[in-house]
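**Q** Using the sequences provided together with the hints, build the complete structure.
In mature numbering (1 follows the signal peptide of the UniProt record, and there is no 0), the protein residues as written are -21 to -1, 1 to 439.
Keep in mind that a hint or two might mislead.
Derived pair list, reagent style EDC-like, types lysine to aspartate or glutamate, alpha-carbon separation capped at 16 angstroms [as the list claims (entries may be wrong)]:
1. K99 - D125
2. K99 - D33
3. K99 - D111
Think of the hints as simulated: they come from the structure by calculation, not from any bench.
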Amino acid sequence: MRIFYVLSLVCTFVLIQNVLGHSVRNPATEYAARLEQVVIHPQSRTTLANDQLDISIRVPGHDYPVRLQLEPNRDILAPDTYIEYLDGTGTAQRPQSLNGDRERVFRGDVLVNSSRESWKPAGRARIYLIQDGTSPLFEGAFTLFDQQYHVNVVNISHPHMEITTSGDAISTLPQNSVFPRQSTEDNTCSRPRRVALIGLAADCSYRAAFPSTDELRRGLISMVNTASEVYERTWNISLAIRNITISDESCPETPRRDTPWNVACSSGDLDWRLQQFASWRRWHYDPNAYWTLMTNCPTGSVVGVSIVGGLCTSYSGANVVARTSNQWQVFAHESGHMFGATHDCESQACSTSTGDCCPLSSNTCDAGGQYIMNPSSSTYQTSFSPCTVGQVCSLLRSGRVESDCLVHSNDTGPTISGPSTPASECGNGIVENGEECDCVAVAVAVAKLDAATVVRIVVH
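**A** Here it is as structure tokens:
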């Protein structure tokens, strides 16, 4: 066993003096219909991961043709992305490389032809192609005239696509922040494209919510693919998956010291799960910008929690996202906290003088629930507010939020340089087959978070 650092048998964490963000879910009214008249162009060949792709669809409620004009998202997976499975006892099995040629992940534009003369831009699209040919299947999301639509594959025995949209799925977050209000005057980041490498861990409750690990994997990739679009057009930063850890659907009777976050819902709330996950992430030696724990254990209506400003810092680069219908938006919100974003102002916060939220403008406080960092999360929130844009740019430029772990991107995907820990070596935070212990396992049970620094988001 190779040891990267000399560790004492008893380790302690400093208190994490960052802010945490929570998300809460309440039932939402969704409108669903079967997605029909779906045609891939051209139909005569198999679509490969590196192919350009055009898909024509008929969107319910719109009489004109809609086309998704797509290209491969080469940034979505790092060159050394791997997936690791935990068995029923929480023991890690041998890691596997995630084959990028297998994952047909696309990004692009939505075009409409209302005049029967020319196609015109009407939105953006992110999809994961599951099946091509004459009966195509895909999942993902797209916007059409600022209305958000989600596409999911339903009915395993006779699969077909269902398109959903919603107008009142709203969530609320308590206001708590470590950064003051930022000026909205500087809303640009003049910087070349960068990529934030992330790790995703799915606990036993999250695994149990899916019929197969393949479907779970596709869902995670699709979630990051959709959220990345907002970051790309806002800050020229892509989100790329470097690690996926998937637990067995059976929760271990006794949590392992090296995966204390993999427990049943009865073991603790989201705050507690973040505490365990941040402890684990503290000694997970990798170049990732942050890690996200996926769970199916919401705390009441709370569906997410995140440390604020934890980007590129191993001791605070962690958040937790619970399964929900607008999961990519909750993930984008909690990821925004990683970059230092605080909540948008709402009327209640505007009535106080604490100044710990992002106003709509220099003249208007209440942002009206329009944007992703609103304390209430909704499916129609598909952009960051001008204040959030300026806030994150200022924090990254000044170095108040670390960004040295962000990597370059080229035509073939993220370019990784610097230290990394191979998946099967000591120091990755998991005791694997052939290891009697992991050199970091002794530290995972003693982390402590300052509860006063927690921020939550809720979904109505």
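**Q** Is it true that the CA of K99 sits at most 16 angstroms from the CA of D111?
**A** 25 angstroms, violated
**Q** Holds or violated: are the alpha carbons of K99 and D33 at most 16 angstroms from each other?
**A** 14 angstroms, holds
**Q** For a C-alpha distance cap of 16 angstroms, please report whether K99 and D125 respect it.
**A** 14 angstroms, holds
In terms of the numbered hints stated before, the structure departs from hint 3 and from no other.
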